[in-house]
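Chemist: As a plain string of letters, each chain reads:
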Amino acid sequence: MIQALRDKVLNGKRLDRADGRWLLDEAPLLELGALAAEARYARYPEKVVTFVIDSNPNYTNVCITDCQFCAFYRKPGDPEAYTLTVEEVLGKIEFAASKGATTLLLQGGHNPALPLDYYTTIVRETRRRFPEVTPHFFTESEIRTVAQVEKLTVGDVLDRLYEAGQRTLPGGGAEVLSDRVRRRIEPKKGGPDTWLEVHREAHRRGFKSTATMMYGHVEQTDDLLDHLDSVRELQDLHGGFTAFVPWSFKPNNTLLAKWIKHPKGPNMYLRMLAVSRLYLDNFPHVQASWFSEGKRTGQIALHFGADDWGGTLLEENVHKAADFVNTIEVDEIVILIREAGFTPAQRTTEYEILKRY
Amino acid sequence: MHFSDTRLAAVWEKVQTGRRLTRDDGLLLFETEDLLGLGRMADHVKTAREGDRVYFVLNRYISPTNVCVLSCAFCGFARKKGEAGAFEYTVEDIIGMVSEEVREVHIVGGHHPDWPFEYYERIIGGLHAARPDVQIKAFTAAEIDYLWRRWKIEPREALSRLKAAGLQTMPGGGAEIFSSRLAKQLRYAGKADGDRWCEIHGIAHSLGIRTNATMLYGHVETHAERVDHLLKLREQQDRSGGFLTFIALPYQVGATTLVPRSTPPADNLRTIAAARLLLDNFPHIEAYWVLLGEDTASVALHFGADDVNGTLEDERVQHMAGAQTPAGLAREQLFRIIRDANKVPVERDALYNVIQVWDREGAAA
Numbered sequence: 011m012i013q014a015l016r017d018k019v020l021n022g023k024r025l026d027r028a029d030g031r032w033l034l035d036e037a038p039l040l041e042l043g044a045l046a047a048e049a050r051y052a053r054y055p056e057k058v059v060t061f062v063i064d065s066n067p068n069y070t071n072v073c074i075t076d077c078q079f080c081a082f083y084r085k086p087g088d089p090e091a092y093t094l095t096v097e098e099v100l101g102k103i104e105f106a107a108s109k110g111a112t113t114l115l116l117q118g119g120h121n122p123a124l125p126l127d128y129y130t131t132i133v134r135e136t137r138r139r140f141p142e143v144t145p146h147f148f149t150e151s152e153i154r155t156v157a158q159v160e161k162l163t164v165g166d167v168l169d170r171l172y173e174a175g176q177r178t179l180p181g182g183g184a185e186v187l188s189d190r191v192r193r194r195i196e197p198k199k200g201g202p203d204t205w206l207e208v209h210r211e212a213h214r215r216g217f218k219s220t221a222t223m224m225y226g227h228v229e230q231t232d233d234l235l236d237h238l239d240s241v242r243e244l245q246d247l248h249g250g251f252t253a254f255v256p257w258s259f260k261p262n263n264t265l266l267a268k269w270i271k272h273p274k275g276p277n278m279y280l281r282m283l284a285v286s287r288l289y290l291d292n293f294p295h296v297q298a299s300w301f302s303e304g305k306r307t308g309q310i311a312l313h314f315g316a317d318d319w320g321g322t323l324l325e326e327n328v329h330k331a332a333d334f335v336n337t338i339e340v341d342e343i344v345i346l347i348r349e350a351g352f353t354p355a356q357r358t359t360e361y362e363i364l365k366r367y
Numbered sequence: 006m007h008f009s010d011t012r013l014a015a016v017w018e019k020v021q022t023g024r025r026l027t028r029d030d031g032l033l034l035f036e037t038e039d040l041l042g043l044g045r046m047a048d049h050v051k052t053a054r055e056g057d058r059v060y061f062v063l064n065r066y067i068s069p070t071n072v073c074v075l076s077c078a079f080c081g082f083a084r085k086k087g088e089a090g091a092f093e094y095t096v097e098d099i100i101g102m103v104s105e106e107v108r109e110v111h112i113v114g115g116h117h118p119d120w121p122f123e124y125y126e127r128i129i130g131g132l133h134a135a136r137p138d139v140q141i142k143a144f145t146a147a148e149i150d151y152l153w154r155r156w157k158i159e160p161r162e163a164l165s166r167l168k169a170a171g172l173q174t175m176p177g178g179g180a181e182i183f184s185s186r187l188a189k190q191l192r193y194a195g196k197a198d199g200d201r202w203c204e205i206h207g208i209a210h211s212l213g214i215r216t217n218a219t220m221l222y223g224h225v226e227t228h229a230e231r232v233d234h235l236l237k238l239r240e241q242q243d244r245s246g247g248f249l250t251f252i253a254l255p256y257q258v259g260a261t262t263l264v265p266r267s268t269p270p271a272d273n274l275r276t277i278a279a280a281r282l283l284l285d286n287f288p289h290i291e292a293y294w295v296l297l298g299e300d301t302a303s304v305a306l307h308f309g310a311d312d313v314n315g316t317l318e319d320e321r322v323q324h325m326a327g328a329q330t331p332a333g334l335a336r337e338q339l340f341r342i343i344r345d346a347n348k349v350p351v352e353r354d355a356l357y358n359v360i361q362v363w364d365r366e367g368a369a370a
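Chains as they are written, first to last, in my numbering: chain E, 11 to 367; chain S, 6 to 370.
Simulated from the structure, these hints should not be mistaken for laboratory data.
This structure is a prediction, so every number in the text was calculated from the model and none was measured.
Heads up, some of the hints might be wrong.
[Said to hold, decoys possible] If you want the footprint, here are the derived chain S segments under chain E, 3+ residues with CB under 8 Å:
no. : segment
1   : 80-89
2   : 178-184
3   : 262-270
[Claimed, not checked] The calculated lysine to aspartate or glutamate pairs, modelled on DMTMM-like cross-linking and capped at a C-alpha distance of 20 Å, are:
no. : chain 1 : residue 1 : chain 2 : residue 2
4   : E       : K57       : S       : E337
5   : E       : K274      : S       : D57
6   : E       : K57       : S       : D57
7   : E       : K57       : S       : D10
8   : E       : K57       : S       : E38
9   : E       : K271      : S       : E337
[As the list claims (entries may be wrong)] To give an idea of the interface, some chain E residues facing chain S are shown, with a C-beta separation under 10 Å as derived from the structure:
no. : residue
10  : A14
11  : P38
12  : E41
13  : A47
14  : R53
15  : Y54
16  : V58
17  : D76
18  : F79
19  : E303
20  : R306
21  : I310
22  : H313
23  : F314
24  : V344
25  : I345
No residue lacks a Cβ here, since even glycine has one placed at the ideal position from N, Cα and C.
All chains should be built: construct the whole structure from the sequences, respecting the hints.
Modeler: As structure tokens, this is what we get:
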């Protein structure tokens with residue numbers, strides 16, 4: 011079986027759902043990993059692994075969506091709820107820029123009190139004050155929240171963000187793009203198309219974005235295949251995805267924890283990553299998510315088809331709220347990538363290489 | 006099998022036909038960039054031997070003392086007599102450390118300046134009398150050699166008497182890395198050298214005492230030194246045949262800093278896989294999670310390892326040296342490591358007798 015898949019992959023033939031199912035459920039892990047590495051080197055013959063200096067401040071933890079996997083959010087009026095002013099947010103961005111960040115992932119809860127102007131002002135002012143920084147702000151559900159608050163379409167909101175200077179979107183919030191899973195873990199967020207629509211509309215307008223997948227909770231193999239199929243299809247339309255970023259769910263402090271008997275560990279992660287590389291033949295990059303999987307597994311993942319190390323995440327509050335703290339600085343990233351046997355290279359949000367180490 | 010490093014094809018040919026790997030093959034295993042090619046070969050060997058089984062043992066590590074006459078450069082555990090942090094346990098203390106469910110005790114300590122051989126005998130005898138059901142794995146070849154240096158007790162006599170007192174197996178520690186260059190540089194020349202270490206294991210084997218073997222790596226040794234160490238163990242196993250398990254011990258940066266950082270996970274996986282392939286006469290290869298971390302240990306189960314050791318409640322030696330993994334990993338955690346690799350947990354005793362096969366959910370199967 012692995013030989014048949016190898017022939018397909020090396021001849022540029024697309025893997026089908028049966029192939030994907032076998033890879034997810036049955037393929038020997040290292041056979042799969044070796045094939046994913048082969049596909050990665052066919053695309054990028056050099057042993058270079060990119061990374062980005064980024065920061066992930068949160069502007070509000072107020073949220074009305076009650077996702078069962080989230081340990082970060084607070085309901086409106088909660089004593090621990092907070093919302094930063096535009097200037098406070100820009101202060102965080104200034105701090106990140108002073109640390110050399112070129113990508114800012116600004117994310118927050120779904121706070122109905124914030125108008126569109128809040129978001130566009132932050133984008134515009136970031137572009138004006140920190141030209142070296144790419145505003146990689148707001149996931150799909152935040153954009154949808156603003157649209158609802160302002161009674162606009164998603165497309166209108168994207169147009170306004172584009173006018174303000176935003177060109178890329180982060181891919182968070184996809185979780186698993188399957189009706190069954192999303193109904194179970196985030197009933198208020200809607201089905202897979204809520205996420206896909208925002209990215210589709212964004213790609214049509216010339217935005218680039220990433221696609222993520224958070225697995226390791228209630229999904230089954232078919233759900234994972236649904237997810238991979240839907241992002242691959244969307245990518246065929248506009249080619250707007252730069253990278254795919256799978257990560258495993260961390261159940262601590264969340265409503266879902268009691269349902270998760272066995273959180274997924276490093277072997278499943280390596281499998282997901284390798285399958286992503288092989289199945290998503292139209293995605294340029296696959297990212298090793300050291301921040302959710304740990305640095306050791308991140309290093310091993312570079313041998314399983316990943317070509318990117320993600321970012322420094324100078325500020326990461328969402329995972330911190332689930333007791334999983336992992337911060338990393340540039341010097342350490344360079345060491346970790348080198349130790350794993352690769353040449354580190356700093357990139358931009360859109361994967362242009364800025365500097366090789 | 007397709008290899009990105011085509012040089013591995015010749016090794017694979019040998020592995021499939023059961024031919025022994027050479028020193029040059031060994032060097033290639035440590036130098037190839039095809040980590041997964043290496044891992045797949047080791048996984049093939051492991052699977053042919055053990056299928057999906059992965060062993061663990063509920064054991065307890067006990068250090069009777071950390072007082073040691075040596076000053077090995079890689080050790081953060083040893084103290085001089087009277088120094089702050091030095092400890093010396095009584096036989097009663099030691100018996101008190103062995104809780105009900107412990108299946109095996111692992112006893113390793115410093116080279117104490119004054120404890121007579123009879124004290125070691127009393128530890129074993131006292132523990133065996135108090136807990137006859139518990140298997141006792143005790144004293145490295147380095148300690149047995151030290152008892153000869155200090156008290157002129159021949160290893161054969163020492164091991165015979167300890168066996169009579171209740172000792173069943175010997176741990177594999179104290180081997181460090183067999184290299185006279187490094188023994189001088191890292192100040193362990195006062196310890197049994199490679200020949201002596203192997204000789205003592207040979208004596209143990211001749212007395213019917215099964216033993217383990219280790220290699221301390223990831224500091225300033227060369228790949229050639231690793232290969233030579235493994236080949237020396239393989240030769241000894243050919244001669245005496247009593248080794249059960251090989252455990253690769255990555256050097257822990259912490260209290261001592263021979264290198265700035267602990268060796269990376271790819272090197273740990275590589276070393277385990279290379280050991281599985283070179284040590285063709287060793288029944289088992291262990292992924293020692295306390296030093297590797299749970300995640301790397303779990304991945305190592307695809308790189309040739311078939312054992313994750315056990316429940317180590319008080320592993321003072323490695324913890325004082327800075328190992329970051331929490332002590333006291335319960336059975337549930339062992340299941341997690343094994344289950345994530347989609348393997349079948351098999352609870353064993355010190356001699357690899359199967360006590361219980363568990364299903365993948367952690368229920369008795």
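Chemist: If a hint holds in the structure, say so; if it doesn't, say that too.
Modeler: Hints, one by one, checked against the model:
With 0 residues having a Cβ less than 8 Å from any Cβ of chain E, the segment 80-89 of chain S misses the three-residue criterion, and the hint is violated. Given as covered by chain E, the segment 178-184 of chain S fails the check, having 0 residues with a CB less than 8 Å from a CB of that chain where 3 are the minimum. Using a Cβ-Cβ cut-off of 8 Å, 3 residues of the segment 262-270 of chain S lie near chain E, which meets the minimum of three, so the contact claim holds. Our distance criterion of 20 Å between C-alpha atoms is broken by K57/E and E337/S, whose separation comes to about 39 Å.
Restraint check: the Cα-Cα separation between K274/E and D57/S comes to about 19 Å, which is no more than 20 Å; the hinted pair holds. At roughly 33 Å between alpha-carbon atoms, K57/E and D57/S are farther apart than 20 Å, so this suggested pair is violated. A threshold of 20 Å between alpha carbons decides the hint, and for K57/E with D10/S the separation of about 14 Å falls inside it, so the pair holds. A threshold of 20 Å between alpha carbons decides the hint, and for K57/E with E38/S the separation of about 11 Å falls inside it, so the pair holds.
For the given pair, K271/E sits about 12 Å from E337/S by alpha-carbon distance, which is consistent with the 20 Å threshold. With a cut of 10 Å, the hint placing A14/E at the interface with chain S is violated, because the nearest CB-to-CB distance is about 13 Å. Satisfaction of the interface hint for P38/E is found here, the shortest Cβ-Cβ separation to chain S being roughly 7 Å, below the 10 Å cut-off. Nearest Cβ of chain S to the Cβ of E41/E: about 6 Å, under the 10 Å cut. The hint holds.
Interface restraint check: A47/E against chain S, minimum CB-CB distance 6 Å, threshold 10 Å, status holds. Given the 10 Å rule on beta carbons, the hint for R53/E is violated: about 14 Å separates it from the nearest Cβ of chain S. With its C-beta approaching chain S no nearer than about 14 Å, Y54/E sits outside the 10 Å limit, and its interface hint is violated. Hint on V58/E is violated. Least Cβ distance to chain S is approximately 14 Å, over the 10 Å limit.
Interface hint status for D76/E: violated, as the beta-carbon distance to the closest one in chain S is roughly 29 Å, over 10 Å. Because the closest C-beta pair between F79/E and chain S is about 20 Å apart, greater than 10 Å, the hint is violated. Hint status for E303/E relative to chain S: holds, with the closest Cβ pair at about 8 Å, below 10 Å. A least Cβ separation of about 4 Å between R306/E and chain S falls short of the 10 Å threshold, and the interface hint therefore holds.
This hint holds: I310/E has a C-beta 5 Å from the nearest C-beta of chain S, less than the 10 Å allowed. A distance limit of 10 Å between C-beta atoms decides the matter here; for H313/E the minimum to chain S is near 5 Å, and the interface restraint holds. About 8 Å separates the beta-carbon of F314/E from the nearest beta-carbon of chain S, less than 10 Å, and the hint is met. The beta carbon of V344/E comes no nearer than 12 Å to any beta carbon in chain S, farther than 10 Å, and the hint placing it at the interface is violated.
The interface hint given for I345/E is met, as the beta carbon of that residue sits about 7 Å from the closest beta carbon of chain S, less than 10 Å.
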